[in-house]
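Number of protein chains: 2
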Amino acid sequence: MTQYEQLADEIHALIRSGSLRVGDRLPSVRTCSERRKISQSTVFQAYYLLESRGVVQARARSGYYVTPRAQDPLKGPETSRPSLETQTVAINDLVVEILNLSRRHEVIPLGSAFPDPALFPLDRLARSLGAAMRRLPPRKLLEDLTTGHLRLRQQVAQRYAVDGIHADVDDIVITSGAMDALNLSLQAITEPGDLVLVEAPTFYASLQAIERLKLRALQLPTSPAEGVDLAAMEAALASGTVRACWFMPTFQNPLGALIPESRKQAMAELLARYQVPLIEDDVYGDLYAGTHKPRPIKAFDKQGWVIHCASFSKNLAPGYRVGWACAGRWTRAIERLKVMSSLSASVPPQAAISDYLAQGGFDLHLRRLRKTLALQRDVMLDAIAESFPPGTRVTRPQGGYFLWLELAPHIDAIELMRQALTAGVSLMPGPLFSADQRFAHCIRLNFGAAPAHEVTRATHILGALVRALAAEGRTDSTPA
Amino acid sequence: MTQYEQLADEIHALIRSGSLRVGDRLPSVRTCSERRKISQSTVFQAYYLLESRGVVQARARSGYYVTPRAQDPLKGPETSRPSLETQTVAINDLVVEILNLSRRHEVIPLGSAFPDPALFPLDRLARSLGAAMRRLPPRKLLEDLTTGHLRLRQQVAQRYAVDGIHADVDDIVITSGAMDALNLSLQAITEPGDLVLVEAPTFYASLQAIERLKLRALQLPTSPAEGVDLAAMEAALASGTVRACWFMPTFQNPLGALIPESRKQAMAELLARYQVPLIEDDVYGDLYAGTHKPRPIKAFDKQGWVIHCASFSKNLAPGYRVGWACAGRWTRAIERLKVMSSLSASVPPQAAISDYLAQGGFDLHLRRLRKTLALQRDVMLDAIAESFPPGTRVTRPQGGYFLWLELAPHIDAIELMRQALTAGVSLMPGPLFSADQRFAHCIRLNFGAAPAHEVTRATHILGALVRALAAEGRTDSTPA
Numbered sequence: 001m002t003q004y005e006q007l008a009d010e011i012h013a014l015i016r017s018g019s020l021r022v023g024d025r026l027p028s029v030r031t032c033s034e035r036r037k038i039s040q041s042t043v044f045q046a047y048y049l050l051e052s053r054g055v056v057q058a059r060a061r062s063g064y065y066v067t068p069r070a071q072d073p074l075k076g077p078e079t080s081r082p083s084l085e086t087q088t089v090a091i092n093d094l095v096v097e098i099l100n101l102s103r104r105h106e107v108i109p110l111g112s113a114f115p116d117p118a119l120f121p122l123d124r125l126a127r128s129l130g131a132a133m134r135r136l137p138p139r140k141l142l143e144d145l146t147t148g149h150l151r152l153r154q155q156v157a158q159r160y161a162v163d164g165i166h167a168d169v170d171d172i173v174i175t176s177g178a179m180d181a182l183n184l185s186l187q188a189i190t191e192p193g194d195l196v197l198v199e200a201p202t203f204y205a206s207l208q209a210i211e212r213l214k215l216r217a218l219q220l221p222t223s224p225a226e227g228v229d230l231a232a233m234e235a236a237l238a239s240g241t242v243r244a245c246w247f248m249p250t251f252q253n254p255l256g257a258l259i260p261e262s263r264k265q266a267m268a269e270l271l272a273r274y275q276v277p278l279i280e281d282d283v284y285g286d287l288y289a290g291t292h293k294p295r296p297i298k299a300f301d302k303q304g305w306v307i308h309c310a311s312f313s314k315n316l317a318p319g320y321r322v323g324w325a326c327a328g329r330w331t332r333a334i335e336r337l338k339v340m341s342s343l344s345a346s347v348p349p350q351a352a353i354s355d356y357l358a359q360g361g362f363d364l365h366l367r368r369l370r371k372t373l374a375l376q377r378d379v380m381l382d383a384i385a386e387s388f389p390p391g392t393r394v395t396r397p398q399g400g401y402f403l404w405l406e407l408a409p410h411i412d413a414i415e416l417m418r419q420a421l422t423a424g425v426s427l428m429p430g431p432l433f434s435a436d437q438r439f440a441h442c443i444r445l446n447f448g449a450a451p452a453h454e455v456t457r458a459t460h461i462l463g464a465l466v467r468a469l470a471a472e473g474r475t476d477s478t479p480a
Numbered sequence: 001m002t003q004y005e006q007l008a009d010e011i012h013a014l015i016r017s018g019s020l021r022v023g024d025r026l027p028s029v030r031t032c033s034e035r036r037k038i039s040q041s042t043v044f045q046a047y048y049l050l051e052s053r054g055v056v057q058a059r060a061r062s063g064y065y066v067t068p069r070a071q072d073p074l075k076g077p078e079t080s081r082p083s084l085e086t087q088t089v090a091i092n093d094l095v096v097e098i099l100n101l102s103r104r105h106e107v108i109p110l111g112s113a114f115p116d117p118a119l120f121p122l123d124r125l126a127r128s129l130g131a132a133m134r135r136l137p138p139r140k141l142l143e144d145l146t147t148g149h150l151r152l153r154q155q156v157a158q159r160y161a162v163d164g165i166h167a168d169v170d171d172i173v174i175t176s177g178a179m180d181a182l183n184l185s186l187q188a189i190t191e192p193g194d195l196v197l198v199e200a201p202t203f204y205a206s207l208q209a210i211e212r213l214k215l216r217a218l219q220l221p222t223s224p225a226e227g228v229d230l231a232a233m234e235a236a237l238a239s240g241t242v243r244a245c246w247f248m249p250t251f252q253n254p255l256g257a258l259i260p261e262s263r264k265q266a267m268a269e270l271l272a273r274y275q276v277p278l279i280e281d282d283v284y285g286d287l288y289a290g291t292h293k294p295r296p297i298k299a300f301d302k303q304g305w306v307i308h309c310a311s312f313s314k315n316l317a318p319g320y321r322v323g324w325a326c327a328g329r330w331t332r333a334i335e336r337l338k339v340m341s342s343l344s345a346s347v348p349p350q351a352a353i354s355d356y357l358a359q360g361g362f363d364l365h366l367r368r369l370r371k372t373l374a375l376q377r378d379v380m381l382d383a384i385a386e387s388f389p390p391g392t393r394v395t396r397p398q399g400g401y402f403l404w405l406e407l408a409p410h411i412d413a414i415e416l417m418r419q420a421l422t423a424g425v426s427l428m429p430g431p432l433f434s435a436d437q438r439f440a441h442c443i444r445l446n447f448g449a450a451p452a453h454e455v456t457r458a459t460h461i462l463g464a465l466v467r468a469l470a471a472e473g474r475t476d477s478t479p480a
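Each protein sequence line maps, in turn, to chains A and B. Start counting the first sequence at 1; every next residue gets the next number (the numbering used here). Start counting the second sequence at 1; every next residue gets the next number (the numbering used here).
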């Protein structure tokens with residue numbers, strides 16, 4: 001844990017214990033710096049972090065004040081306790097059924113996997129599409145087919161460099177979105193029957209990939225705030241039976257968990273010690289609510305055990321299906337699997353994104369997108385506090401656009417989903433995110449998939465449905 | 001065999017036997033129609049077919065004349081005689097090595113898998129990209145993600161209807177190029193260890209897919225003119241061990257073979273009788289040198305045993321990676337595999353192609369492309385006749401853009417390729433197209449990959465290299 005994280009946690013504890021109350025002002029940055037003998041910038045970082053957690057708020061020329069939300073009645077869910085047994089996975093039918101159900105309705109798409117497409121610079125991308133393709137020499141259409149558009153790979157490598165990560169242009173394979181990169185990576189490093197470590201809950205695509213490649217999964221206990229349990233990970237690696245890990249260490253889907261950097265570093269060291277590759281799914285890294293971009297595990301990967309997968313689908317160009325794997329020693333293997341399965345990613349979207357990046361404006365767009373998402377997170381949290389029954393637990397992620405809710409134990413999330421679809425709201429039920437279909441009373445909500453007023457309305461609709469289901473449960477358990 | 005094919009073959013036989021000689025005029029259409037008691041249109045079709053074979057030539061207001069090429073010294077290769085044993089496949093290392101070798105050189109790309117990109121309406125497509133994406137409502141970026149752009153699927157269905165094939169819009173899954181469609185189809189209908197029938201030689205991507213999915217291949221004897229041997233196919237199906245077929249019945253890669261329609265119909269009946277699905281790779285169907293588009297086996301598939309895969313990569317938009325499977329009962333399975341592996345094809349290229357198709361002009365473009373390719377076929381055949389040693393055998397395909405050459409038995413095509421790359425010309429060596437790396441003295445040449453004068457120059461370069469290798473061979477076999 002860094003110094004500023006430690007300071008933030010100490011202040012957060014003071015708030016939780018009531019030593020600091022709603023409306024209280026934090027010590028000024030200068031005062032705190034002098035008393036603690038730490039730099040002002042460290043104090044600033046701690047205060048920013050607390051602000052991103054929603055527990056303090058800056059007032060112009062005045063200071064930082066404890067917010068009403070700091071003593072919010074909504075608690076976060078506990079760390080998961082998945083089965084300790086390895087699992088063969090059969091999640092696919094359920095995923096398809098639920099995706100199809102969601103598609104059949106005109107809804108406010110809180111079940112969506114993407115932010116609202118209206119939040120993206122689609123017009124500028126459309127111009128880049130036309131312009132880049134008019135400019136492209138015809139032969140370039142075929143030249144970069146296998147590894148991907150050279151200029152785009154250079155731009156991706158530059159963005160890694162800005163984040164303090166060395167990535168060789170030749171280690172980057174452009175794929176049809178991150179999912180293609182993740183799947184090809186898993187295929188490149190496993191054989192049927194191999195054991196793969198995943199989070200619990202975990203993104204259903206990883207479970208589908210594990211099912212499709214006939215692998216086995218071991219789910220690790222995972223904290224909704226801070227991700228995979230390090231001790232459990234080490235114990236599994238020490239058993240010598242693990243072939244690969246597939247984690248999303250930054251704003252995990254569905255929990256929103258962010259593994260602290262100190263722990264990411266420890267994980268990179270574990271991977272190197274046990275020589276087990278990690279597929280790092282990092283599609284939400286740019287969507288942080290705090291002040292700086294969290295570094296991926298790849299940043300601490302000195303010996304090349306991390307395959308870093310990301311895309312432009314969640315931060316710039318949904319539907320363009322442009323992602324990549326930065327894969328070190330596995331690059332050629334992944335490239336070969338790519339050529340065999342679909343030859344290459346489509347050229348025009350790559351050329352368009354490259355043109356867009358070259359013109360500048362991406363970072364400005366990202367700042368706006370982050371601001372909107374952070375705002376909408378609080379909008380949805382407020383709406384949940386207003387309308388959901390007491391006892392509801394909900395995450396407060398420091399980035400991304402998902403909340404994870406734990407409802408009363410007797411509430412069936414799939415039944416809730418059916419009722420919600422009829423009422424005009426989609427959601428993702430918990431069992432999708434588990435190899436053994438746990439989390440039956442949990443749901444994932446997307447706070448970025450619709451404008452704020454629709455998010456509020458849809459959350460209120462869900463709240464009413466959950467209250468009704470909760471009441472039914474109480475009636476059921478009281479004999480007439 | 002249809003009536004017109006029969007008539008064409010009879011006339012062709014007269015030419016071969018010398019009864020009709022270079023410069024002779026065929027009977028007029030009316031005369032022939034009256035004597036044979038067949039319709040004038042049947043005679044026309046027969047004459048067109050002979051023209052597409054290059055043995056007669058129409059002169060305006062005069063009639064059809066036997067061409068010099070009709071008694072060409074170049075013979076076609078014989079029907080292949082592959083091993084009768086099933087094969088596990090390990091072709092992938094060779095394919096990757098050769099693709100990489102080709103990429104490292106600035107060459108006239110006779111080894112290319114695509115026509116010259118300059119032959120495509122890239123500017124109009126670029127305009128369609130920008131226009132279609134500016135017009136697209138943002139939410140549409142996510143709506144059609146899994147099955148593909150609805151309007152494009154409708155347009156594809158309409159093109160099937162024009163070809164006399166009923167295809168339901170919901171049976172069409174848009175994929176990242178035809179290769180994605182072919183791979184997902186094979187995955188949907190097989191389990192590891194299953195036996196798949198392929199042609200010999202066959203497109204290496206089918207061998208790579210068979211290798212990747214841990215299937216076994218049985219290669220069938222294949223005529224360079226007329227494709228897979230029907231009796232061999234039936235014998236294999238009758239054994240009860242075949243799980244699937246993967247053929248390219250129209251302008252097969254690498255042979256250019258076109259299975260006659262009567263035989264396609266018989267094949268559809270065989271598939272139905274033995275209840276074995278066929279993956280029909282039909283990416284060259286639009287590129288016919290004759291007067292009408294050859295119907296795919298799918299046109300004769302009454303009971304739904306054919307998965308028809310095609311794309312826009314070879315006829316409209318190389319590098320856009322937009323293909324599809326028309327898959328009947330397997331549509332949902334393929335769609336699911338697609339969602340799991342890469343979610344969906346990229347949206348902008350789909351929207352652009354849909355916009356282009358809606359504006360009209362595709363058929364005009366195709367007519368021009370076909371004319372250019374047919375012309376360049378003859379350009380390359382002339383250059384081969386001029387520069388390759390006697391005894392060289394070469395196909396005379398009725399469409400597509402590949403020639404298949406059988407050189408003297410002692411010539412090593414991979415060695416020839418290395419020399420050719422150094423001399424500035426790429427080619428595809430025969431062993432790539434075989435599970436057991438036969439065809440060591442065969443090569444595939446692309447007559448559409450460069451302008452005519454470059455094709456001629458490159459072919460002459462190859463001819464000189466082949467002559468030198470042929471002479472070396474003779475020297476070697478003569479003891480000093």
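One thing to keep in mind: the hints can contain errors.
Quick list of in silico lysine to any residue cross-link-like pairs, SDA-like style, CA-CA up to 20 Å [what the hints assert, rightly or not]:
{"no.": "1", "chain 1": "B", "residue 1": "K140", "chain 2": "A", "residue 2": "L101"}
{"no.": "2", "chain 1": "A", "residue 1": "K371", "chain 2": "B", "residue 2": "L101"}
{"no.": "3", "chain 1": "B", "residue 1": "K214", "chain 2": "A", "residue 2": "E191"}
{"no.": "4", "chain 1": "A", "residue 1": "K75", "chain 2": "A", "residue 2": "A225"}
{"no.": "5", "chain 1": "B", "residue 1": "K140", "chain 2": "A", "residue 2": "P121"}
{"no.": "6", "chain 1": "B", "residue 1": "K214", "chain 2": "A", "residue 2": "L213"}
{"no.": "7", "chain 1": "B", "residue 1": "K140", "chain 2": "A", "residue 2": "Q359"}
{"no.": "8", "chain 1": "B", "residue 1": "K214", "chain 2": "A", "residue 2": "Q3"}
{"no.": "9", "chain 1": "A", "residue 1": "K214", "chain 2": "B", "residue 2": "P121"}
{"no.": "10", "chain 1": "A", "residue 1": "K140", "chain 2": "B", "residue 2": "A333"}
Chain B stretches covered by chain A per the calculated footprint, using a threshold of three residues with CB under 8 Å from any CB of chain A [claimed, not checked]:
{"no.": "11", "region": "117-128"}
{"no.": "12", "region": "267-281"}
{"no.": "13", "region": "338-349"}
{"no.": "14", "region": "459-473"}
Worth flagging that the hints you see were computed from the coordinates, not collected in a lab. Glycine included, every Cβ here is placed at the ideal spot set by N, Cα and C.
Here is what the structure says about each hint:
1. Only pairs whose Cα atoms come within 20 Å are accepted, and K140 (chain B) paired with L101 (chain A) is accepted, the gap being roughly 18 Å.
2. For the hint linking K371 (chain A) to L101 (chain B), the alpha-carbon distance of about 49 Å lies beyond 20 Å, and the restraint is violated.
3. Annotation: proposed proximity of K214 (chain B) to E191 (chain A) holds, straight-line Cα distance about 12 Å (limit 20 Å).
4. For the hint linking K75 (chain A) to A225 (chain A), the alpha-carbon distance of about 12 Å falls within 20 Å, and the restraint holds.
5. With a C-alpha separation of about 15 Å, the suggested pair K140 (chain B) and P121 (chain A) falls inside the 20 Å cut-off, and the hint holds.
6. With a C-alpha separation of about 12 Å, the suggested pairing of K214 (chain B) with L213 (chain A) holds against the 20 Å cut-off.
7. Taken as a hint, the K140 (chain B) and Q359 (chain A) pair is broken in the structure, with Cα atoms around 26 Å apart against an allowance of 20 Å.
8. With a C-alpha separation of about 53 Å, the suggested pairing of K214 (chain B) with Q3 (chain A) is violated against the 20 Å cut-off.
9. Among the hinted pairs, K214 (chain A) with P121 (chain B) is inconsistent with the structure: their alpha-carbon atoms are about 44 Å apart, more than 20 Å.
10. Only pairs whose Cα atoms come within 20 Å are accepted, and K140 (chain A) paired with A333 (chain B) is rejected, the gap being roughly 35 Å.
11. Check on the region 117-128 of chain B: 8 of its residues sit with their Cβ under 8 Å from a Cβ of chain A, so the three-residue criterion for coverage holds.
12. Requiring three or more residues with a Cβ within less than 8 Å of a Cβ of chain A, the coverage given for the region 267-281 of chain B is violated, as only 0 such residues are present.
13. Using a Cβ-Cβ cut-off of 8 Å, 11 residues of the region 338-349 of chain B lie near chain A, which meets the minimum of three, so the contact claim holds.
14. Look at the region 459-473 of chain B against chain A: 0 of its residues bring a Cβ nearer than 8 Å to a Cβ of that chain, fewer than three, so the hint is violated.
The earlier numbered hints that this structure contradicts are 2, 7, 8, 9, 10, 12 and 14.
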